Amino acid sequence: MATELLDSRMARLEGAYDQIDKRLATVEGRLENLEVKVDNGFNRLDAKIDLRFDTLNGKIDRVDTKIDRVDTKIDRVVWVVVIGLLITILVNLVI
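With this note's numbering as the guide, the letters of the sequence shown map in order to residues 3 to 97.
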């Protein structure tokens with residue numbers, strides 16, 4: 003009788019352990035799925051950020067090119083003004 007009672011309790015415990023094991027496996031599977039979703043979300047976010055930085059770098063490069071062009075034009079104008087002033091001074095000195 004005591005053995006049967008002990009066997010009955012052991013069977014219930016084994017059943018409970020099996021249920022716990024199944025539930026833990028389910029929780030583990032859900033956590034793995036969640037981890038994959040989070041990783042995928044971060045990968046997409048990284049890709050979007052990289053794209054934005056690439057776009058921004060392109061715009062900065064274009065602005066830099068335009069500034070270089072303006073700088074070249076200003077240099078030309080300054081040289082023309084300086085040469086014009088020098089010619090004017092030389093002409094006035096000669097006359």
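It is worth saying that the hints were derived from the structure and are not from the lab. Accuracy of the hints is not assured; some may be wrong.
As the list claims (entries may be wrong) - Calculated cross-link-like contacts (lysine-lysine; reagent style PhoX-like; alpha-carbon spacing at most 25 Å): (1) K39 <-> K61; (2) K50 <-> K39; (3) K61 <-> K50; (4) K75 <-> K61.
Computed from a predicted model, the values in this text were never measured in an experiment.
Checked hints:
no. : hint        : verdict
1   : K39 <-> K61 : violated (33 Å)
2   : K50 <-> K39 : holds (16 Å)
3   : K61 <-> K50 : holds (17 Å)
4   : K75 <-> K61 : holds (21 Å)
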